[in-house]
Amino acid sequence: MLRDITLGQYYPVDSPIHRLDPRTKIVLTIVYIVAVFFGKGLLGYLPTLLFLLLIIKLSGVPFTMMLKSLRPLRILLIFTFVLNLFFISSGEVLFRWRFIQITKDGLSHALRFSLRLIFLVLGTSLMTLTTPPVALTDGLESLCSPLKKIGFPAHEMAMMMTIALRFIPTLIEEADKIMKAQSARGADFSSGSVTSRARAMIPLLVPLFISAFRRAGDLAFAMEARCYRGGEGRTRLHILKFRKGDAVAFVITGLLIPVTIFAGRLL
Amino acid sequence: MALELQNVSHTYQPNTPFSAVALDNISLSIEDRDLLALIGHTGSGKSTLAQHLNGLMKPTSGRVLFNGKDINEDASRLRELRFQVGLVFQYPEYQLFEETVEKDIAFGPRNMGLSDEEIKSRVLGAMDLVGLNPEEIGQKSPFELSGGQMRRVALAGVLAMRPKVLVLDEPTAGLDPRARSFLLSDIKRLHREGTTVVMISHSMDDVAALATRIAVMDHGSLAMTGTPAEIFAQPQRLIQMGLNVPQVSLLAGRLIAAGLPVKPCFRMEEMADQLAELLKGGDGDVA
Amino acid sequence: MKKQAELRMENLSFKYEGAEGFAVKNVDLTIEKGSFTTVLGHNGSGKSTLAKLINGLFLPTQGKVFVDGMDTQDEQHTWDVRARAGVVFQNPDNQIVATVVKDDVAFGLENIGVPHEQMEARIEEALGAVDMLDFIDRAPHMLSGGQKQRVAIAGIMAMKPAALILDEVTSMLDPKGRKEVFDTVRRLNKQRGITVVWITHFMEEAALSDRVLVMHRGEIRMDGTPREVFANGDALRSLRLDVPPMALLAQELVRRGIDIREDILSLDEMEREVVAKWRLNCKM
Chain A
3 MLRDITLGQY YPVDSPIHRL DPRTKIVLTI VYIVAVFFGK GLLGYLPTLL FLLLIIKLSG
63 VPFTMMLKSL RPLRILLIFT FVLNLFFISS GEVLFRWRFI QITKDGLSHA LRFSLRLIFL
123 VLGTSLMTLT TPPVALTDGL ESLCSPLKKI GFPAHEMAMM MTIALRFIPT LIEEADKIMK
183 AQSARGADFS SGSVTSRARA MIPLLVPLFI SAFRRAGDLA FAMEARCYRG GEGRTRLHIL
243 KFRKGDAVAF VITGLLIPVT IFAGRLL
Chain B
869 MALELQNVSH TYQPNTPFSA VALDNISLSI EDRDLLALIG HTGSGKSTLA QHLNGLMKPT
929 SGRVLFNGKD INEDASRLRE LRFQVGLVFQ YPEYQLFEET VEKDIAFGPR NMGLSDEEIK
989 SRVLGAMDLV GLNPEEIGQK SPFELSGGQM RRVALAGVLA MRPKVLVLDE PTAGLDPRAR
1049 SFLLSDIKRL HREGTTVVMI SHSMDDVAAL ATRIAVMDHG SLAMTGTPAE IFAQPQRLIQ
1109 MGLNVPQVSL LAGRLIAAGL PVKPCFRMEE MADQLAELLK GGDGDVA
Chain C
3 MKKQAELRME NLSFKYEGAE GFAVKNVDLT IEKGSFTTVL GHNGSGKSTL AKLINGLFLP
63 TQGKVFVDGM DTQDEQHTWD VRARAGVVFQ NPDNQIVATV VKDDVAFGLE NIGVPHEQME
123 ARIEEALGAV DMLDFIDRAP HMLSGGQKQR VAIAGIMAMK PAALILDEVT SMLDPKGRKE
183 VFDTVRRLNK QRGITVVWIT HFMEEAALSD RVLVMHRGEI RMDGTPREVF ANGDALRSLR
243 LDVPPMALLA QELVRRGIDI REDILSLDEM EREVVAKWRL NCKM
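Residue numbers (the working numbering), protein chains in the order written: chain A, 3 to 269; chain B, 869 to 1155; chain C, 3 to 286.
Same shape as in the complex, but just chain A:
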C-alpha cells in the first residue's frame, strides 16, 4: 500500500554515526562532497573510498541498503560511463573495432566520473539513512539561523519542511483515491496522445489542489489554536548538542580534503 512508503529512508539503528549531531552530519556531508571533487586520478579516490567504507561500517546500515540508494541512478551511471568511454578520443588507444575506439584517457575518465557519482550518492544517502527527517530539519534550522539577521526565514523554512514531510504520505494516498474514483467514472489516465493525457490529469489535479488548500486552511486553524505564533519565543523538544563524537568526526573528515589532495599528487 502507498501509505507504507518511508520518506527520507531513515534506517533506525543506534550507531556512532546516528548519534552525531545533525548539524555535524550536514556540514561534514558538504566537506565530503568537496573532498570528492578534489580527488584526482584513481589514487586520489582511495582515501574517499576508505573513508566511506569506514563510515558505512560504523553506521550499522547494511551494505545492501546502501546499494539500493544507487538503483534509481543506474541509468544515469551507465550513461555517464559509456559516454566518457566512447567519446574521449585522446590518449593511447586500447581497443578499436570499426568506428568504436576506446582510449586510455576515455577509460580513466569514465571510471573517475562514475566513481565520483557513486561516492556522492552513497555519502549523501548515508546522511539521510542515519538521520531522522525531524533532526535534519532541526539541524538545517539551527545552521541557517545566523542568516535570520539578513532576513532569511530559517524557522519558517524548517516548519515548511516538517509540514511537507508530514503531509506527503497523506496527499499521495489521496491522489491514489481520487484517481480510482475518477477511473470509476470512466476517466482514462494511461492512453492517448500527450495533450489528451495532460487534459486527463485535470480531474485528478483539481480535486487534489482543492483538498491541499482545505487541509492547509484546517491546519492553520489547528496550529493557531495550539498557540503557534512563529519562531519567536519558542522552546524546543530537541536540543542540539555537540558531543565528543562530533569533534572526532570533524577532525577525521577535515583531514579527508588534504589527504585526498596529497594522494592525487602522488600520481
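These are calculated hints, taken from the structure and not from any lab test. Glycine included, every Cβ here is placed at the ideal spot set by N, Cα and C. Among these hints, one or two may not hold up.
Claimed, not checked - Simulated coverage check for chain C against chain A, where a stretch passes if three residues somewhere in it have a Cβ under 8 angstroms from a Cβ of chain A: (1) 36–45; (2) 80–86; (3) 93–99; (4) 203–212; (5) 231–237.
Claimed, not checked - The calculated BS3-like cross-link candidates involving lysine-lysine, where the alpha carbons are at most 30 angstroms apart (straight line), are: (6) A:243 x A:150; (7) A:179 x B:926; (8) C:162 x C:181; (9) C:162 x C:178; (10) B:1131 x A:179; (11) C:279 x A:182; (12) B:926 x B:1008; (13) A:179 x C:181; (14) A:179 x B:1032; (15) A:179 x B:1148; (16) A:182 x B:971; (17) C:181 x B:1056; (18) C:162 x A:243; (19) B:1131 x C:27; (20) C:27 x B:1008; (21) B:937 x A:179; (22) B:1148 x A:182; (23) A:42 x A:70; (24) C:162 x B:1148; (25) C:27 x C:66; (26) C:285 x B:1148; (27) B:1008 x A:182.
Position chains B and C relative to chain A; hints supplied.
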C-alpha cells in the same frame, strides 16, 4: 444474477515482507434487485471488496463475474464495465472538479462517448433522482454547495452513467442527520426503481432500515450472509466481531430473555407495533 | 492549581466577512466548570463558529466571550485563552503537524515556551491520559482515525487546558474509533474535572452528557438535560435532528396510545419500563 465472486482472494504486496491478505477466499453472489449491505469493522476488507466489483482491483486468485462473464478476462472491456457497475467512494464530494454542477455530473456520460443531447438528458435525470434542482444549482460551482448537496452531486455523477449495479462505500459518513436522511431516501428510491445496490456501512440503523441482504466481513473473510432478520438474530456474534447491533434488536433479545412473548425484530416500526399490542391497557389479552 | 474553566458568552453574535446573516446570533450562555455539555445542530447551525469563538480564533462581531473571566478580545490574553480552552477539530489528518507523535504533542508546548526540561514528562503524561503512550515514536499517518484524534487531544492536554472544545471530532471515525475518543474525553472530564464542550451529530453521545444545547440558525433553541431535550421529539424533528432510538421508540409507543414515559434514553430503562408494564398487565 448480477455480480458473482468466486473464491476471490487479494493479497497486498505479495512476496514481500509487507504482504497482507486483504480478502481471503470470498464467494458471494449479488442478485438482481438486491440491496446488499456489506458490514464489518475497519480493515475487514469491505472497501477492497467493493473495488473488486468494478475491476479497480484485481483478485490475486479467484474470479469476479458480471452477468456470467469474468470481468478481468479482457482488460480493454473494463472501462465498459465501470459504466455498468457504478462505484461511489467514501467522501465522494472530494472528487468534484468541474466549474459547474452539470458539467461535473456529465463527466461520466461524456467518457461513455454519448451524444450531447443524451448527456444533457442523463444529467437532468440524475439530478432529479437525487433531488437536486437543475435550475437552481445546475450552473453553480459545486464548491459553493453545502456538504450534503456536494455529496448528492457526486452521487448523481455516477447515476448519470445509468449503472445496473450501484456500489456505495459509506454513503452517509460525516453527514449531519438531515443530509443523511435525504441521502438514505435517495438510495431507497433507486433500489425501489430497480437498481441493484451494494452498500458498505458502519451504521446498523441504516442497514436495518434498508438492506434486503447482509454480508458480514471479518479479517478479510466472509463471516455471515443472510437476511437482516437472520443476521440480527445473532447479536453475540456481531458484537464479538466488534460490530454494533441495532438497539431495537438488542431490546427484542432482552425482552425475550425476560420471558415476554415478543418476536425477534430489528425495525423500529415493527417493534413499536409489537409492544403496543402487548402493552395495550389490561383489556384481557393476558398471555 | 486551578484547573477548571468557566466559559461565558454574553449577547454573542458573529458574522463572517461579506456574509449577510449572522452565523451566531444573540447567544447568552454560561458553561459551568467541570461540566460536559453537548452542542447539537445540523451543518451551518453555527456550532463550529461557536467553537472558534470560545478560544478566540474568531472574535465576536457583537457581545463578549470570557474564558475564566478573561475577555477573548483582550489581546493581552490571546495566548492564555487559547492554552486554557483548547480546540480539537473534525479531520484527524489536518491537525497533526509533526512526523512523529512525540514531536506533535511537543508542538503546543514549544509554542507556549515550556522549558525543555519539563517537556518529556508533560508529553508522556498527556499521551498516558489518552492511552496512547505506546505510540509515542510512531508516524501519525500510520495510525487509525481514532488514534490520531487521541494524539490531537494529547497535544492539547499537554498544554494543561482547563476546557476542551471538541468540534465534531468523531464524525469521520468508525464506531470503534468514535467510542475510543468519546470515552477518553468523558474520562478526562470525570477524573480531571476538565470542562468539555462536545459538538456532535451523534445523539447517543449527547445522551451521555450533562447538558444538551441545540443550535439552529446561529441561535440556541433548546437547552436542558439530555432527558429534557430528547423527550421533546417533535421539536427536535422540526429542527431536522434525530432522537436516540429508545427515545424514539417511547414516543412511537405513546403515539400508539400506550402510557409510557417519553423521556426514556437507554436500553436498560426501556427494558425495565416494558417488563414492569407487561407484568402489571398480566396481573390484571
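Verification of the hints:
1. 36–45: violated (count 0)
2. 80–86: Per the Cβ count (3), the hint holds.
3. 93–99: Holds, because 6 residues of the region 93–99 of chain C bring their Cβ atoms closer than 8 angstroms to Cβ atoms of chain A.
4. 203–212: Contact hint for the region 203–212 of chain C vs chain A: violated, 0 residues under 8 angstroms.
5. 231–237: Violated - the region 231–237 of chain C has 0 residues with a Cβ nearer than 8 angstroms to chain A, which falls short of three.
6. A:243 x A:150: Roughly 20 angstroms between the alpha carbons, so the hint for residue 243 of chain A and residue 150 of chain A holds.
7. A:179 x B:926: Between residue 179 of chain A and residue 926 of chain B the Cα gap is close to 16 angstroms, so the pair holds against 30 angstroms.
8. C:162 x C:181: Holds, because 23 angstroms separates the two Cα atoms, which is no more than 30 angstroms.
9. C:162 x C:178: 27 angstroms, holds
10. B:1131 x A:179: Measuring from Cα to Cα gives roughly 44 angstroms; hence the hint is violated.
11. C:279 x A:182: Violated, at roughly 55 angstroms.
12. B:926 x B:1008: The given pair, whose Cα atoms are some 38 angstroms apart, is violated under the 30 angstroms limit.
13. A:179 x C:181: 27 angstroms, holds
14. A:179 x B:1032: 23 angstroms, holds
15. A:179 x B:1148: 54 angstroms, violated
16. A:182 x B:971: It holds: about 19 angstroms lies between the C-alpha atoms, which stays within 30 angstroms.
17. C:181 x B:1056: Distance of about 29 angstroms is within 30 angstroms: holds.
18. C:162 x A:243: 29 angstroms, holds
19. B:1131 x C:27: At roughly 49 angstroms apart (the allowed maximum being 30 angstroms), residue 27 of chain C and residue 1131 of chain B break the hint.
20. C:27 x B:1008: 28 angstroms, holds
21. B:937 x A:179: 27 angstroms, holds
22. B:1148 x A:182: 55 angstroms, violated
23. A:42 x A:70: Between residue 42 of chain A and residue 70 of chain A the Cα gap is close to 27 angstroms, so the pair holds against 30 angstroms.
24. C:162 x B:1148: It is violated: about 55 angstroms lies between the C-alpha atoms, which goes past 30 angstroms.
25. C:27 x C:66: 12 angstroms, holds
26. C:285 x B:1148: Holds, at roughly 14 angstroms.
27. B:1008 x A:182: Between residue 1008 of chain B and residue 182 of chain A the Cα gap is close to 25 angstroms, so the pair holds against 30 angstroms.
Checked against the numbered hints given earlier, the structure breaks hints 1, 4, 5, 10, 11, 12, 15, 19, 22 and 24 and satisfies all the rest.
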